[in-house]
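J.: Here are the chains, one letter per residue:
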Amino acid sequence: MTETIKMAAEVQKVGPLTRLSRWLSQERVFRWIPFILVEGMFILILIIPFLMTIYISFLRWRANRPFEQAYLSGLRNYEAVLTDQGFWASLGRTFYFAGFAVLFELVIGFVLAMMVHRITRGQRFYITIFLIPMMVVPVVAGYNFSMIYLDSGPLNQLLAPFLNLFDINPRIRWLSNPIAAQWAIILADVWQWTSLTFLIFLSGFSALPPQLTNAARIMGASRGQIFLWIELPLLKPAIVIAVVIRLMEALKLFDPVVLLTFGGPGTSTQTVAYYLWEQVWQFNKYSFGAAASVLLLIMFSFLIFFGIYLISRQNDAVERGEV
Amino acid sequence: MAEQDISRDVTAHHAKKDAARKRRRRTVIRHAILIGWALLIMFPIYWMIQTSFKDAGEWVTWPPNWIPNDPTLKNYEQIFSFNIQESGVARQATEQPFNIWGATADSIIICTISALIALFLGTFLAYAISRYNVGGKRFRHSVLLIRMIPPIVIAIPLLMYYAIMIPLATDAVLGARISLFDTRLGLSLLYITITLPFVIWMMLSFIDEIPYSFEHAARIMGAGRIYTIRKVVLPLVASGMVVTFLFVFILNWAEFLLSLTLTHPDVTTLPVLLNKFQSASEGRLYGPQAAIGTIITIPVVIMGILIQKHLIKGFSFGTIRK
Numbered sequence: 003m004t005e006t007i008k009m010a011a012e013v014q015k016v017g018p019l020t021r022l023s024r025w026l027s028q029e030r031v032f033r034w035i036p037f038i039l040v041e042g043m044f045i046l047i048l049i050i051p052f053l054m055t056i057y058i059s060f061l062r063w064r065a066n067r068p069f070e071q072a073y074l075s076g077l078r079n080y081e082a083v084l085t086d087q088g089f090w091a092s093l094g095r096t097f098y099f100a101g102f103a104v105l106f107e108l109v110i111g112f113v114l115a116m117m118v119h120r121i122t123r124g125q126r127f128y129i130t131i132f133l134i135p136m137m138v139v140p141v142v143a144g145y146n147f148s149m150i151y152l153d154s155g156p157l158n159q160l161l162a163p164f165l166n167l168f169d170i171n172p173r174i175r176w177l178s179n180p181i182a183a184q185w186a187i188i189l190a191d192v193w194q195w196t197s198l199t200f201l202i203f204l205s206g207f208s209a210l211p212p213q214l215t216n217a218a219r220i221m222g223a224s225r226g227q228i229f230l231w232i233e234l235p236l237l238k239p240a241i242v243i244a245v246v247i248r249l250m251e252a253l254k255l256f257d258p259v260v261l262l263t264f265g266g267p268g269t270s271t272q273t274v275a276y277y278l279w280e281q282v283w284q285f286n287k288y289s290f291g292a293a294a295s296v297l298l299l300i301m302f303s304f305l306i307f308f309g310i311y312l313i314s315r316q317n318d319a320v321e322r323g324e325v
Numbered sequence: 075m076a077e078q079d080i081s082r083d084v085t086a087h088h089a090k091k092d093a094a095r096k097r098r099r100r101t102v103i104r105h106a107i108l109i110g111w112a113l114l115i116m117f118p119i120y121w122m123i124q125t126s127f128k129d130a131g132e133w134v135t136w137p138p139n140w141i142p143n144d145p146t147l148k149n150y151e152q153i154f155s156f157n158i159q160e161s162g163v164a165r166q167a168t169e170q171p172f173n174i175w176g177a178t179a180d181s182i183i184i185c186t187i188s189a190l191i192a193l194f195l196g197t198f199l200a201y202a203i204s205r206y207n208v209g210g211k212r213f214r215h216s217v218l219l220i221r222m223i224p225p226i227v228i229a230i231p232l233l234m235y236y237a238i239m240i241p242l243a244t245d246a247v248l249g250a251r252i253s254l255f256d257t258r259l260g261l262s263l264l265y266i267t268i269t270l271p272f273v274i275w276m277m278l279s280f281i282d283e284i285p286y287s288f289e290h291a292a293r294i295m296g297a298g299r300i301y302t303i304r305k306v307v308l309p310l311v312a313s314g315m316v317v318t319f320l321f322v323f324i325l326n327w328a329e330f331l332l333s334l335t336l337t338h339p340d341v342t343t344l345p346v347l348l349n350k351f352q353s354a355s356e357g358r359l360y361g362p363q364a365a366i367g368t369i370i371t372i373p374v375v376i377m378g379i380l381i382q383k384h385l386i387k388g389f390s391f392g393t394i395r396k
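Sequence lines, in order, name chains A and B. Under this note's numbering, read the first sequence as residues 3 to 325, first letter to last. Under this note's numbering, read the second sequence as residues 75 to 396, first letter to last.
FYI, nobody ran anything at the bench for these hints, they're computed from the structure. Incorrect hints may appear among the rest.
Chain A side only, calculated, beta carbon under 8 angstroms to chain B, not exhaustive [what the hints assert, rightly or not]:
#	residue
1	19
2	21
3	55
4	118
5	138
6	150
7	156
8	165
9	166
10	291
11	295
Under the rule of at most 27 angstroms between Cα atoms (straight-line distance), these lysine-lysine pairs were calculated in the DSS-like manner [claimed, not checked]:
#	chain 1	residue 1	chain 2	residue 2
12	B	383	B	305
13	B	350	A	254
14	B	211	A	238
15	A	238	A	254
16	B	383	A	238
17	B	350	B	148
Under 8 angstroms between C-beta atoms, here's a sample of chain B residues computed to sit facing chain A [said to hold, decoys possible]:
#	residue
18	122
19	137
20	141
21	218
22	275
23	331
24	332
Quick reminder that beta carbons are idealized off the backbone N, C-alpha and C, glycines included.
Same shape as in the complex, but just chain A:
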């Protein structure tokens, strides 16, 4: 009897705020509200614009004309993209840059991580220094390298003694030569992103169980054997992840291109991101850009799904304790 009175009194006291917090603390609300909000963001900011882009990609329209004048033109934009030499050339160049850059980053990052793992003193110092490039804003990194490659920059100064031997004017304009400019961009990328591969490999190395290597050493395994048969297989997940993540990032290459060369000289350093950016912003070819980004997303989706498949397979293997 008294309890019911108490309860009734409580019900009366409940204000809107308490009722809100009570509603919020229901499990199903708690489960779904953040999910709905986040998915809502994704739909509003990514999915809807992309669906519209698919629609625009079928239109015949330039941005300097009002949108109302646009009319459907079937697959003409896709045809234009697929037969466009610049698009394919820039796509090939992107893979060329990404391939070399990632190769160097993997090798250097691996060697550095191994060395830092093996030394006993100064580990923290090296890690701190080696991770700095990753935090430098890519635009600033691009600017820094543009200073270094300057015809009166430190690179030429360091090379001058050698160049003088061969009677070459040491004030080389690196960014005016197509091949040198391409490698300038690759080097800038390696400078910046070796720190990421280093980081991934370092966490891989520090997760190695020391008992295994010790046991192998006691059983008389040589250093090479330990590396090849124990450490390398255990590091396989880290290697897969480094390759996937770096390759994905390298295919987006844009910032250093803008900062260093503006795609030049000629078109020799235009990556696919730069090429499309130029097509849309310089030449207002919106529907062309839309078709190209749809095609690019389809192409990248295969890579992305393959990458995620590889990563999640590695994760599952780790969870099962196979690796």
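Dock chain B against the given chain A, drawing on the hints supplied.
T.: Chain B alone, transformed into the frame defined by chain A:
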């Protein structure tokens, strides 16, 4: 018998000494290589900082000076004073590349607010994923998918969406043209969306580490769900949230393509500002550029060093066994 023992001892002793010498030599070689790489890493940054202290005549001399002859703060004064005099006109002029105050304000506001909102949303979703398995088993991996989409593929649709579609739609529905193009709001919304996957991923790794039994105990003792989160979960993930916030802030701070695309005259982030210098036609101002670069770089490098320890853990992407 005894002699044999002694000789064996002697050879063992020599072998040990040899091994020790070898090891020492290896250590020295390793340190030499590592220091070499550290110098390579630091050189471009050093070059920028020292250029920022050079006077105009010294920016491009041959041979270049490695240490400024006569260090000055002129470049810093220059970039910060351009605007005080011209700030009134600065906003109207389309080619006003020197508004560093405006750009700094835009960068700080956009990056902070979008990082905070992304952190808030992402943390709650991460909690829901971790505890209730919202979205299914593969959801964890599939959120990363968004992160892997090349930004140019996002930029082109979003430009049309912000600059053309939303104004058309609002014109039809509300009768007023509202454009998200070249606004802080538009850029922030985009930053929130593209950093959410990272927040979710990082917060998952922190929340997964908290044993469920803590919350369970609190719940059994009669605490409500929100109370449990506030008093049990939040204190345990607070440091993780700080790390995630800083990480997302650095990502936003460094972002270039999207801000270059989606903002033109009004809103300028610092990387876009630096790029405007680079593309300036009337002779490049190397010194002020270096000064801006230094100003952009220093805070994020410090933040990065602060969260470094967590980055090592976070970038293992689940490959480290707990």
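J.: Each of the hints needs a verdict: does it hold here or not?
T.: Hint by hint, here is what the structure shows:
no., hint, result
1, 19, "violated, 12 angstroms"
2, 21, "violated, 13 angstroms"
3, 55, "holds, 4 angstroms"
4, 118, "holds, 7 angstroms"
5, 138, "holds, 6 angstroms"
6, 150, "holds, 6 angstroms"
7, 156, "holds, 6 angstroms"
8, 165, "violated, 13 angstroms"
9, 166, "violated, 12 angstroms"
10, 291, "holds, 5 angstroms"
11, 295, "holds, 5 angstroms"
12, 383/B to 305/B, "holds, 26 angstroms"
13, 350/B to 254/A, "holds, 21 angstroms"
14, 211/B to 238/A, "holds, 24 angstroms"
15, 238/A to 254/A, "holds, 25 angstroms"
16, 383/B to 238/A, "holds, 23 angstroms"
17, 350/B to 148/B, "holds, 20 angstroms"
18, 122, "holds, 5 angstroms"
19, 137, "holds, 5 angstroms"
20, 141, "violated, 12 angstroms"
21, 218, "holds, 7 angstroms"
22, 275, "violated, 11 angstroms"
23, 331, "holds, 5 angstroms"
24, 332, "violated, 10 angstroms"
Hints 1, 2, 8, 9, 20, 22, 24, counting from the list given before, are not met by this structure.
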